[in-house]
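Q: Got chain P sorted already, so can you dock chain A onto it with the hints?
There are 2 protein chains.
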Amino acid sequence: MSKKGEISLSVIRRLPRYYRFIGELIKEGTVRISSGDLSKKMSLTASQIRQDLNCFGGFGQQGYGYNLIELRQEIGKILGVDKGYKTILIGAGNLGKAIATHMNFSEYGCSLAAIFDSDKQKVGKTAAGITIRDIDDIDEFAEEHKPIIAILCIPKASAQEIADHLVGLGIKAFWNFSHYDLRLDYSDIIVENVHLGDSIMLLSYGITNS
Amino acid sequence: MSKKGEISLSVIRRLPRYYRFIGELIKEGTVRISSGDLSKKMSLTASQIRQDLNCFGGFGQQGYGYNLIELRQEIGKILGVDKGYKTILIGAGNLGKAIATHMNFSEYGCSLAAIFDSDKQKVGKTAAGITIRDIDDIDEFAEEHKPIIAILCIPKASAQEIADHLVGLGIKAFWNFSHYDLRLDYSDIIVENVHLGDSIMLLSYGITNS
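So the sequence lines, in the order shown, correspond to chains P and A. Numbers in my numbering are just positions in the first sequence, counted from 1, shifted up by 1253. Numbers in my numbering are just positions in the second sequence, counted from 1, shifted up by 1253.
In isolation and in its complexed conformation, chain P is listed as follows (with noise of 0.2 Å):
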């Protein structure tokens, strides 16, 4: 039984790691596992994990730990994992060729729909066996596919206005990777700004002040 309406933001943007841990312990092959135990393997507190947990419903029972196939399945269901939501990549470039080759779509509650670039020597070729369309196309695939995630692996300069269109097409949700956090007044459209650089500079700062 979850309780999704009292789920704060900080608690969503841990679902995602909870989901994956879960299931690496449960490839493992452990049944159950205590807050006190999960704590160590995430660097959470145990305290932390039970108040987390306790928002997806009764999963975690005292003196008998969590229940991870149940746990699992819950959260997996919360995050959408089996949604399949149409999706397009716009951008196939070196980054976009591999997010589109590396990523298991399927695994995240996408599907791979098709993949755009305006570069006429890119038109039909093939990445991660999607052959690539011209983007000047979008217009009419969306309104035959209706597609609702993009994902766009474009240079900054472009990437406002792209973004811009695909919302007027039905677009409901950006994954960006293109240098540029997106302003969008839409209060409706969801956006994940992929900022590799900002990840990168931590180790930088770690080696400096250590």
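By construction, these hints were calculated from the structure, which means they are not laboratory data. Honestly, I wouldn't trust all of these hints.
Identical chains share a label here; the pair holds if one copy fits it or two copies do between them.
As the list claims (entries may be wrong) - Calculated lysine to any residue pairs in the SDA-like style (CA-CA distance at most 20 Å, straight line):
id, residue 1, residue 2
1, 1294, 1438
2, 1378, 1346
3, 1375, 1347
4, 1378, 1347
5, 1375, 1354
6, 1339, 1359
7, 1336, 1425
8, 1409, 1359
9, 1293, 1432
A: Chain A alone, transformed into the frame defined by chain P:
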């Protein structure tokens, strides 16, 4: 005047983002900005920003806002963006090659010195203008060049073993894309695990629960 010793982990994790936003404002020609205006751009509260930036010294003046060039220099110094830490990349698959090509390492305090792969078919080819070396030659390379950051773009199964070996060769920091949270029993080693799947799942969550 920085007060590094007092900076908390959560402020540190926001540093790259401040550095990036301030850089963009400078590019746009902005010289000074108030915490209120910066807060609108960064989706933080003005008081949070004032509190964070106070950690780096006295760049804000009541009524005058922040001197952006000085502030960026100071944050850059704390982050170590001018250090050019010698970096190696392990795994020249799709993702590895995309990371090598896509990232401007010098902006982030790093310098990509070599790429390694265990696949003899890849050895001798190039990625981002760098010749891919045989992983068997890594000990020799490390002894001569003393790299200190390693980027892991390898399958989960081999990540832990390679990471342990690299620590033995003097690697101090890992940027880990291997779908596996490194568990290093060395307190002085820095790890940033990048889980792209966690990020895209938040889109599925958002759509499912909207």
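Q: Run every hint past the structure and note whether it holds.
A: Do the hints match the structure? See the list:
Proximity of residue 1294 to residue 1438 under the C-alpha cut-off of 20 Å is restricted to the inter-copy arrangement: shortest distance 13 Å between copies versus 40 Å within a copy. When the C-alpha separation of residue 1378 and residue 1346 is checked against a cutoff of 20 Å, the pair qualifies both within a copy, at 12 Å, and between copies, at 19 Å. In this assembly of identical chains, residue 1375 and residue 1347 lie within 20 Å of each other by CA distance both inside one copy and across copies; the values are 12 Å within and 17 Å between. For the homomeric pair residue 1378 and residue 1347, the shortest alpha-carbon distances inside one copy (14 Å) and between copies (16 Å) are both at most 20 Å.
Taking identical chains as interchangeable, the C-alpha atoms of residue 1375 and residue 1354 lie at most 20 Å apart whether they share a chain (16 Å) or sit on different chains (18 Å). Taking the shortest Cα distances, residue 1339 and residue 1359 sit within 20 Å of each other inside one copy (10 Å), while across copies they are farther apart (37 Å). Taking the shortest alpha-carbon separations for residue 1336 and residue 1425, only the intra-copy value of 14 Å comes in at or below 20 Å, while the best inter-copy value is 40 Å. Taking CA atoms no more than 20 Å apart as the test, residue 1409 paired with residue 1359 passes between copies only; the shortest distance there is 19 Å, against 28 Å inside one copy.
Taking the shortest Cα distances, residue 1293 and residue 1432 sit within 20 Å of each other only across copies (19 Å), while inside one copy they are farther apart (34 Å).
Against the hints set out earlier in the document, no violation occurs for any number.
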